[in-house]
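Residue numbers (the numbering used here), protein chains in the order written: chain A, 2 to 493; chain B, 114 to 287.
These aren't lab readings, by the way, just hints derived from the structure by calculation. Mixed in with the good hints there might be a few duds.
Computed Cβ-Cβ distance ranges for the label pairs, DEER-style [stated by the list, open to error]:
1) S158/B with A257/A: 17 to 23 Å
2) R188/B with P316/A: 28 to 34 Å
3) H118/B with G150/A: 22 to 28 Å
Cβ atoms here follow ideal geometry from the backbone N, Cα and C, with glycine treated the same way.
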Amino acid sequence: MSLDALLARGREVACQPWARHVLTPDAWTELRGVVLDLLGLWADPHAVHALLHQDGAYRLASVEVRDGAFPALSPAFPAAAWFERMIADLWGHRAEGGTDERAWIDHGRWDHAAPMAARPGGPGRPQPEFLAHEGDDIHEIPVGPVHAGIIEPGHFRFSVQGETVVRLEIRLGYTHKGTLGLLNGKSPRAAARFAARLSGDTTVAHSVAFARAAEAACGTAAPPRADALRAVMTEMERIANHLGDCGAIANDAAFAFLPARFHWHREQMLAAAQTAFGHRLMMDAVVPGGVSVDIVAAGPGAIEAALHRLEVELPNLLRVYEDYSSLVDRMVTTGIVSTEQAQRFAAGGYVGRASGRDVDLRQSPGYPPYDRLELAVPVLQEGDVDARFRVRIAEIHASTLLLRSLLPALPDGPIAASLPMATGEGIGWAEGFRGDIWHWMRLEGGIITAAFMRDPSWLQWPLLQAAIRGNIVADFPLCNKSFNCSYSGVDL
Amino acid sequence: MVWRHVAGRLFSPPLTVAAEKLDEREIAELAERLHATARRTLGRSLSIRQVDAGSCNGCELEINMLNSVVYDLERFGLHFVASPRHADVMMVTGPTARNMREGLLRTHAAAGEPKFVVAVGDCAIDGGVFKGSYAVDGAVANAVQVDLVIRGCPPSPAQMLVGLRLLLEANAGP
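Bound-form chain A, shown alone (with noise of 0.2 Å):
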């Protein structure tokens, strides 16, 4: 059945750019029946909603909750099951049917249960027991939430065979910080710094797609200078990453050149964005109706110094990196990502265009300024821990291009344009170093009454869990590190 069929049945609630359409909770459980891509889902005291995605179109569906339930979309879509369990922690709507009921962000440690519900409080949701086993010859080897090296708390539950790994069960929560009920009473100017800070490494594109949102529900639009360098921005994180992530995961195979090389460059982008706007990560650089600094005039220089240097000796990092078997056996065929199980989740980034998966939203559905620029995205179909390495080196180059026909041609003009008080909803998205955001948000006379953020970490962290199945526990380092997927981002 085709989605706007089955949307059309609903009552149209108006969102900007893309209309909201309220189902009855018979319609809503149709959805499982449909061919499409669930994006996200999340919830307001009264209703749940979800993001969806069926060829070449995004379209949003609400239901609203009834006795506290709704139909889950988890039996059909794998993805909602994660989505549902954080909206029975958070709102407490139980999704009616789903695969898994078990408490996800609510670890028993907060003073009410169901925080952002109508009325918080009730029993605290009783604890998870991890997945069990059948067979004599498996142990369980658990691990965090305080992990080995410099990273983000989680807990993974490893279920071994000998060396083998069968099944990995992860567990978040540890780093929520009750960031969405924060954004609640605040104007959007107010909210942009828990925007900024969902997941620090990508603060600029969870900043420009909150601020999209924003602007898309006040139906302003931010000026074409800012667009520019929210751009620039946006690029110069996605290098930067993608640098540190390369070097970590040569690290992970005990190769200390790489990460020595890769980590020199990432500093060199780092302090470029110091020069050029005045803060290493460009946190709250980009804030709605624009952006709040503009680039200094030595900026587009230094910028340009630290991409040339990374574009001399690339080439050569990548042909150390191929010249060694002993490294490139750690990462062929490692952790491998079928097409179909990235399909399944829907996954962005380099987990889904290492595995096949040609999604980009500054191609499809795009937004400015990148409707005006030619961007080649790279696609491999091996979905390993070196097909996303290279995906990342592919996209450090395109993003260099990128920079390249940016920083010459800046639109003149204000930095910034004033949002209206207004009362409306909107959506925003950007692309983020990995992969897909999405910000959405419901404004009452210039006032956030409910909000939602969804990094793309959603839809790759239970894909982890796949790729490493089969592998030995040696490699899960490398496995997780070609995926580094955002603990804060999905903890909220």
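Since the structure of chain A is already known, use the hints to place chain B on it.
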């Protein structure tokens, strides 16, 4: 291939940034504070265990850069360790998410005495922008005794390096 790159580097200047001169008065003040708690006993090499108590991962990005060739933490006798059992210093980031409070306390308890705690970043100092949320306890000092704070959102690696070297000097004494 690597040998050619390494050979090239033999004749180029070092990539590591020079060490900034530390403020003697700041060292003396910190030394006095540490002395008051009778914990100047750890020598000139400190092992650091990092704990993320709910950060946005911005602080972790910059802490990781301390290990890069640019900041090269180890030249000062400072290095990161995997186990809290081996740690003299705990660098704690984040607004003490309630879901991480027990993880923080247990990691802290696992590190032997004496030990120093450094609160890194504005969230760890007072909860930062997340102050007042139902899900955070705010300042790390509410959970464990803090000996040094490094401000910033996130602090730059250079700022962290200054803070950690102050601690090293103050601890080692004159």
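Evaluation of the provided hints:
1. S158/B with A257/A: 17 to 23 Å: The hint (17 to 23 Å, Cβ to Cβ) holds, given that S158/B and A257/A are roughly 21 Å apart.
2. R188/B with P316/A: 28 to 34 Å: Holds: the Cβ-Cβ distance is about 31 Å, inside 28 to 34 Å.
3. H118/B with G150/A: 22 to 28 Å: This hint holds: roughly 26 Å between Cβ atoms.
Of the numbered hints given earlier, the model fails none.
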